[in-house]
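So you can see what is in the structure, the chains are spelled out below.
2 protein chains.
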Amino acid sequence: MNTIRFDYGNLLSSRVEGGIDERQLATSLADRFRAAHAAVEARRAQGDLGFLDLPYATESVDRVTELADGFAQWFQDVVVLGIGGSGLGATALKEALLGPFWNARDEEGREHFPRLHVVDNPDPHTFQRLLELLDPAGTMFNVISKSGTTAETMAQYLVARDWMESAVGQDKARGHFLFTTDPTRGALRQIGEAEDIPMLSVPENVGGRFSVLSAVGLLPAAVCGVDPRALLAGAAAMEERCRSDQLAENPAGLVAVLLHQADQELGRPIHVLMPYADRLRPVALWFQQLWAESLGKADSGPTPLAALGATDQHSLLQLLMEGPHDKVVLFIHVENPEAEVAIPQRHPEIPSLAYLGGHSMGELLSVERAATAEALRGAGRPNCTLIMPRIGGEELGQLLMLFQIATVYAGALYGVDPLDQPGVEVGKQLTYGLMGRVGVTRPEMLDPDSRWIV
Amino acid sequence: MNTIRFDYGNLLSSRVEGGIDERQLATSLADRFRAAHAAVEARRAQGDLGFLDLPYATESVDRVTELADGFAQWFQDVVVLGIGGSGLGATALKEALLGPFWNARDEEGREHFPRLHVVDNPDPHTFQRLLELLDPAGTMFNVISKSGTTAETMAQYLVARDWMESAVGQDKARGHFLFTTDPTRGALRQIGEAEDIPMLSVPENVGGRFSVLSAVGLLPAAVCGVDPRALLAGAAAMEERCRSDQLAENPAGLVAVLLHQADQELGRPIHVLMPYADRLRPVALWFQQLWAESLGKADSGPTPLAALGATDQHSLLQLLMEGPHDKVVLFIHVENPEAEVAIPQRHPEIPSLAYLGGHSMGELLSVERAATAEALRGAGRPNCTLIMPRIGGEELGQLLMLFQIATVYAGALYGVDPLDQPGVEVGKQLTYGLMGRVGVTRPEMLDPDSRWIV
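Just so you know, the sequences run in chain order A and B. Residue numbering for the first sequence follows this note's numbering, starting at 1 and increasing by one per position. Residue numbering for the second sequence follows this note's numbering, starting at 1 and increasing by one per position.
Hints in this document: simulated from the structure, not taken from any laboratory. Errors might be hidden in some of the hints.
All copies of an identical chain are treated as equivalent in the list; a pair is satisfied when it fits inside any one copy or across any two copies.
[What the hints assert, rightly or not] Derived SDA-like pairs: lysine to any residue, alpha-carbon spacing no greater than 20 Å straight-line:
| id | residue 1 | residue 2 |
| --- | --- | --- |
| 1 | K172 | E193 |
| 2 | K172 | P269 |
| 3 | K428 | P443 |
| 4 | K172 | R346 |
| 5 | K428 | T441 |
| 6 | K172 | G378 |
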């Protein structure tokens with residue numbers, strides 16, 4: 001298996017001004033990591049960390065593959081209705097493994113697999129436009145909500161169900177839905193059982209933002225021809241690498257410890273994740289949720305900022321180079337872009353163009369990443385790089401597992417529970433109240449005050 | 001004209017714990033704004049702020065419209081090659097005004113206007129896939145680079161030019177290109193003149209991130225049927241509202257002063273822009289560049305974070321509610337979503353679903369925004385809201401101009417030049433050196449050290 005590597009040289013004081021003292025890695029940080037590792041192992045032993053078991057859940061994968069094979073034959077369009085981890089995970093897998101323009105390709109370009117639409121936001125404009133594009137007879141909706149009470153997803157489901165029934169009739173409509181939900185509880189489970197709709201389970205001990213390698217992410221990917229086993233093999237390999245309590249050997253441990261140290265000791269709480277590959281942009285957004293929702297509590301926690309190279313060299317780089325010393329950049333470098341686009345020689349008379357000819361576009365991108373990392377290093381801006389040999393299932397499985405394990409280590413280092421999200425409850429209750437949910441009191445809201453509106 | 005309003009009540013200490021003292025608005029902040037306003041007016045008088053004149057550049061708009069009308073008839077696919085402001089501006093206009101799934105719609109759904117592809121990143125995988133989708137005979141490339149030396153864009157141009165020539169022949173290929181560049185200088189201008197390729201100009205005093213309302217943004221939008229005059233009328237109306245040096249009357253002034261104050265006095269340097277409309281997500285990314293590249297210098301400046309409601313309630317909200325007190329949220333609320341999607345009544349027996357029925361999806365989104373703002377306010381997290389009556393050309397023109405004017409005021413408040421970006425130069429020179437550009441020395445790069453790679 002092609003192994004992901006983590007290069008943290010540009011975080012160390014021997015390479016970058018104001019960096020982390022390398023000697024700490026063998027002493028205080030190694031100790032701190034051993035404690036975090038032990039805390040995580042204790043939670044694993046309690047059965048809290050279900051995501052660590054997903055790579056080995058072969059039965060559930062067999063069921064995903066079996067369902068996916070059927071859906072792939074029957075349907076031209078698969079619509080995922082899911083928000084948060086469900087939407088972000090499905091999109092991360094879709095873009096990374098199916099590549100850009102999947103839905104725009106013709107049948108042959110898609111090898112006769114369906115188009116895949118992931119709809120998270122309940123934006124009426126988007127939803128209306130989407131339904132206009134679809135032929136109900138050829139469309140399947142995968143409704144994902146672990147609790148079965150996610151307002152956005154359930155609203156979309158109600159609209160989609162009605163739309164499907166008007167088109168194909170009440171009886172046939174059921175065959176166009178698949179629910180991914182809690183194994184025993186919640187509204188979706190209840191409806192699915194009453195109406196005999198196929199269902200997949202998210203294990204009880206796997207939360208939304210740790211669910212990408214469960215049926216949540218695997219089913220949509222598998223329907224489009226992605227082999228879930230490659231993803232899981234990669235995830236398993238990373239899970240095994242990260243069993244070590246020796247900091248120097250544990251890549252997720254190093255990511256967690258060094259980013260935590262950058263925040264707490266270097267005063268760099270903004271963690272920029274900047275892959276140099278369009279296909280990994282959604283992984284950065286998936287990471288943003290994982291890192292923010294897991295660690296942002298108790299008035300502390302880092303702020304993840306999703307970026308994209310080389311694009312954001314023309315947007316965020318000025319701030320990264322000359323703004324406040326409050327950031328650390330984590331690049332992702334893809335060694336083999338698996339697409340050869342040669343830049344032709346033209347205009348030898350124009351120096352600002354001539355040098356490009358003879359290189360490939362992949363070389364340009366790769367050189368730009370190296371140049372940006374070096375420019376940041378030279379300006380006293382610590383950075384580090386995850387090196388992916390290529391963007392394949394095994395490599396992506398490693399990457400996603402690395403970030404998930406790093407997150408639970410970071411939870412231990414920050415002293416917070418990385419699995420909960422109590423802060424979102426207030427807004428949910430206010431929404432229920434304003435929408436008139438039975439049993440929830442309508443909240444008193446402050447009126448807008450025209451003195452403060454211009 | 002439907003006017004954009006700015007509601008800043010939730011930034012003030014009378015509404016939110018730890019907010020800004022309202023009395024300062026009439027005293028010290030009003031004074032500080034008058035000084036910033038005067039500094040900006042001085043630069044305007046010197047002719048530095050060309051973006052303020054764009055709403056009145058009727059001749060240039062006539063030329064854009066004339067060219068666009070022709071291209072719309074001849075081509076089925078328009079590809080914008082441009083990075084930074086060029087890519088972000090074109091994408092912001094495209095998504096906001098053409099709406100989601102424009103390229104997926106059929107000819108009729110697009111009212112016979114072309115598809116529009118904006119390609120910023122020189123990712124070989126994306127570029128190869130894109131070319132596979134296109135019929136050269138029906139494809140036009142709008143190459144945008146003010147300097148004519150943007151490596152990413154020029155590399156794409158060289159590939160696209162070769163590809164087009166192989167398909168339609170050297171002579172005909174010229175008719176498939178349009179250059180948007182400096183009025184007199186640079187490689188693109190030089191090639192365009194030598195080869196008789198149609199060209200549009202970006203005024204000399206309009207930088208990339210302030211160019212969305214020049215030919216850079218207007219031509220791609222106009223080719224797809226957007227009326228540039230509505231955008232400019234909106235921008236003009238906002239420009240006029242912002243001539244006042246009275247803080248209480250100037251919406252861009254209030255945005256700049258209050259966000260600057262949130263950073264400098266409240267210790268909230270992270271400025272989250274969170275529209276509740278899919279169509280405005282790219283505006284948040286456009287703002288991110290504008291705010292970051294203009295203000296991130298001299299070891300200071302705010303960090304813009306692009307978000308999207310309601311989606312990011314399931315990603316960033318936990319961090320916004322319970323993370324460090326280092327953020328301020330600027331919502332965008334769209335009053336009329338212009339798409340009616342009714343949520344049907346189903347399952348009256350399930351309370352977690354029953355309350356949704358009878359509402360519209362737009363109502364749900366709107367209630368969620370109000371609930372989130374109120375939850376943040378209650379948790380001592382200052383926030384504010386731009387209220388857009390709808391997402392139309394006039395309203396978008398107002399919004400884009402508001403942010404651009406706020407940016408130059410903020411430059412004055414932070415004491416930096418909002419028009420330059422000196423920090424990106426080091427990386428560019430390193431790239432030139434590594435790519436072997438004549439006259440640039442190959443830099444010595446540090447080798448990766450295996451001690452620091454795991």
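Right, here's what the structure says about each hint:
Taking the closest pair of Cα atoms, K172 and E193 come within 20 Å of each other only inside a single copy of the chain (16 Å); across copies the shortest separation is 63 Å, beyond that limit. Taking the shortest Cα distances, K172 and P269 never come within 20 Å of each other, neither inside one copy (52 Å) nor across copies (54 Å). With identical chains, the CA atoms of K428 and P443 are at most 20 Å apart within one copy only, with a shortest distance of 12 Å there and 54 Å across copies. In this assembly of identical chains, K172 and R346 lie within 20 Å of each other by CA distance solely across copies; the values are 18 Å between and 59 Å within a copy.
Proximity of K428 to T441 under the C-alpha cut-off of 20 Å is restricted to the intra-copy arrangement: shortest distance 12 Å within a copy versus 58 Å between copies. For the identical chains of this complex, K172 and G378 are neighbours neither inside a copy (64 Å) nor across copies (47 Å), given an alpha-carbon limit of 20 Å.
Checked against the numbered hints given earlier, the structure breaks hints 2, 6 and satisfies all the rest.
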